[in-house]
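Asks: If you want the building blocks of each chain, they are given just below.
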Amino acid sequence: MIVEIHFQEGFSNEKAQLLVDGEVVEEFFLNTRFQLGMAAIKKVDAVRGTKVQVALPDRSIKQPVPVSHPYVKVSLEDGKLTVSPTDQMPGYV
Amino acid sequence: MSKKNNAPETPAPTLALSDEQHPDYQAYVYGDDADDSVAEAGGIGPDGPGVPIPPLNPIPDLPIPNIPGIPLRICSAVSGRYKLKTVLPPIGGPGIPILNLTSITVRVDVDRFYPQKRISIEVTRLLPRSTAHLIANVTSDQCTGLNRRKIQATIAYREGNNALIPGEKLLFEASRGIGIGYSNYKLTVTGAGTPTRVYNLDFVSQYFDDVEFEVDKVDNAGNPSTDYATHSHPNRPASLPNEVLSLESVYKRAGFNATISPNSTPIPATGAGANGTWSDSEMHNAMQTYWSRFANKPQWALWVLFANQHDTGYGLGGVMFDDIGPNHRQGTAIFTNSFIKDAPVGDANPAAWRQRMLFWTAIHEMGHAFNLAHSWQKALSGPGYNPWIPLLNQPEARSFMNYPYNVSGGQSAFFSNFDFRFTNEELQFMRHAPRRFVQMGNENWFSNHGFEAPQPEFFTGRYKLEVRPNRENNTYSFLEPVSIELKLTNTSAEPMALDEHLLQDGGHIVLFVQKDSGTVRKWEPLIVRCHQEHKSMLAPGESIYGTHLVSASTSGWLIDEPGFYNIQAGVDMLDEVVMSNVLRVFVAPSTDKEENKIAPDYFTEDVSRALVFDGAPELNKAMDTLKEVAEKLPGTPASLHAAKAVAGPMLKQYKRLEEKDGSLAVVAGKADVEEAARLQTAALLDAPQKAADTFGHIDYFQSLETLADALNDSGKKAEAKKVMSSSISTMKSRKVLSEVIEQAEAKAKNL
Ligand SMILES: [Zn+2]
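Order-wise, the sequence lines are chains W and Y. Take the first sequence: its position 39, counted from the start at 1, is 39 in UniProt numbering, and no numbers get skipped. Take the second sequence: its position 553, counted from the start at 1, is 553 in UniProt numbering, and no numbers get skipped.
If you're looking for bench data, these hints aren't it; they were derived computationally from the structure. Warning: the hint list may mix true and false statements.
Computed list of lysine to aspartate or glutamate pairs in DMTMM-like fashion (alpha-carbon distance at most 25 angstroms, straight line) [what the hints assert, rightly or not]:
hint, chain 1, residue 1, chain 2, residue 2
1, Y, K252, Y, D24
2, W, K43, Y, D342
3, W, K73, Y, D311
4, W, K42, Y, D280
5, W, K42, Y, E282
6, W, K43, Y, D280
7, Y, K341, W, E4
8, W, K15, Y, D323
9, W, K42, Y, D323
10, W, K15, Y, D311
11, Y, K150, Y, E173
12, W, K43, Y, D311
13, W, K73, Y, D280
14, Y, K487, Y, E739
15, W, K42, Y, D311
16, W, K73, Y, D342
17, W, K42, Y, D342
18, Y, K83, Y, D19
19, Y, K341, W, D87
20, W, K62, W, E26
Here's a subset of chain Y near chain W, in silico, CB distances under 7 angstroms, partners left out [claimed, not checked]:
hint, residue
21, G315
22, L316
23, M320
24, F339
25, H368
Some chain W residues near chain Y, calculated using beta-carbon distances under 7 angstroms [what the hints assert, rightly or not]:
hint, residue
26, G91
27, Y92
28, V93
Each residue gets a CB set at the ideal place from its N, CA and C atoms; glycine is no exception.
Start from the sequences, fold in the hints, and give me the full structure.
Replies: This is the structure we're talking about:
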């Protein structure tokens, strides 16, 4: 299924990587747009059992992303990534 | 006929409530409840769940009978915007107006909607440009009689140039004149070690600023309504008044005189490009094309677009898209085909839910355009994005700026408790922060001192004032007096009546000189020419001129060392101050040892007077210095000025006071036209272009005329004619206005 990863608060010119089964499939820079509280939305096609991870290489952070829900919210808070899966499509205004 | 449906009964909504009908509107303050210690300035706001809005006094019906013997202590609302009272010159006076280069705006916020118990003051000095902003917390608010109000406040926030309005405490007083309403408004600023200042104010508006919204809808956005009937959805605070809210009414209660532009245009969906959804830059393009007030400048105006969908997709309900280009926060968009139309399953009134969410989103996006952050981001700071004052995050706030679905209990908890208002902290920012933080299209530009391009809103566009050197380049040599020319042009389509000597007399102009980026010094003319005011008509496109030696002021020399200087002028037109461009000039370093030797004697007040007055025989030492300059620095621009000044008194029967037999007597000096003519001819006519460059046209040609007159009066007609003919040919080569040349030709003929 398609999992939407929503990068939300706390990113400022942050280099990020999306990894599937250990392979970097995408590398990008994240900047939170304050007026939305959102930096980027990335889609991953993942079957159950696929290992999806988000990495911030400049901070040596690598965090698994559950693929149990259609949406995953990811924020950077106090130098740590918080990852919260949800069934509810995150909305921005 | 009775009608029943599944939706709970809601009484038919009234139209928008008038201010006085609304329970949150405080129209009066009474002597009894006049607050002598406003401890909780700002009151309690909707910063978290379950915070009740304190009930306010019921509003009495006027007129209130005055019971004899009992002093009536009731004061109507004073919140709003005030400005410094306009001071006009006395009628029939000498015609020199009071040059008021400082504007003061006072925002008093103590009653009406959601009073924040604040007084803020904005001071703008036009020339040299400088601003100050302060916010004071109200400490007491007393009603001492019928419409006699005294409000005290302590300054708690300052920004900009404090010297413009020093002090610590404010007293705002509003009182009656002969009528029942207020007619006198006074602000007193006091502080330890600073003189007390009293400002008389005029009431401008009950609102803190005016703002215009233009609402444009894309033709496939479904023509959404921009109103919301507060009782249409059953999930609401029990105390919420039943009314129809509009975009304007919400912002009016926030303190802005919000109006909707009549120039709304339907926008074709093709503007979204081939994919049919809108990118930020497509919206920015549409804003430039369709917004009738689009301009790349700060203005209290905002474009609100209702469109179908953003490129981001269904998950984006709206966005303040305008963080593109130099002027941000001018445009917002709301997307009708997005998640904001998804009423929860089983909702009691899905249609009302959708309309409420659309309305909420519109106000939310517009709030971003007022520079409001989301409730959970208030404390967020980093390079280039600090909160204006330290703020706390308010993730539970019942505000237009919070996400309803992110609070504890979700959107239903939010709306059960939402009063359709901004928080106190948000209102304090919108009403009282330095206006450039809030105003759409504005940026954090700031210059505490020095020169800036004039702000367009200060001007009516009727006149243009130019400061220019009237020569090819802006470089002056060391010791060379800097003369500048002022040119005021009627840029309107109408003839304008004005005093033709406006630029020449020194009383109507202000001029500032700044060395490099250092201190700005005011130039005070050494001569103020008094004359009977003589208004004449200036046709559209026509100009008047004036010339001034700006190197020296009554306070000493302003330009006395090598380097770059900025010069800017303003002219007082009574109802506006027209400001000029900034002229940058360069003074070259000395190339001659002799110059450096003479400099200490030259840069004195007496020498500056002798130069400005074309010689001053009583200032012996100054005249000796000028003689030395003329003789020892031949060919330099300074020597030309010196020679002209040395010769000046000899051209006429110069009168001076002399001591004779123990008393003073007026003695006529000896006119030595021959010697004067020799000196001046050398200075003015040996190298006419160079001389015209350093003196400037007005001074140069006037001097030649004076010389010609003196020669003519002493019987040297042929020489006088020669002077005039040289003058005319220089005028022609320098493309002087034809009417000036014609006057000179007529004069030459009559010699
Ligand atoms: Zn927002």
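Asks: Could you check the structure against the hints above and give me the numbers of any it violates, in ascending order?
Replies: No hint contradicted; all consistent.
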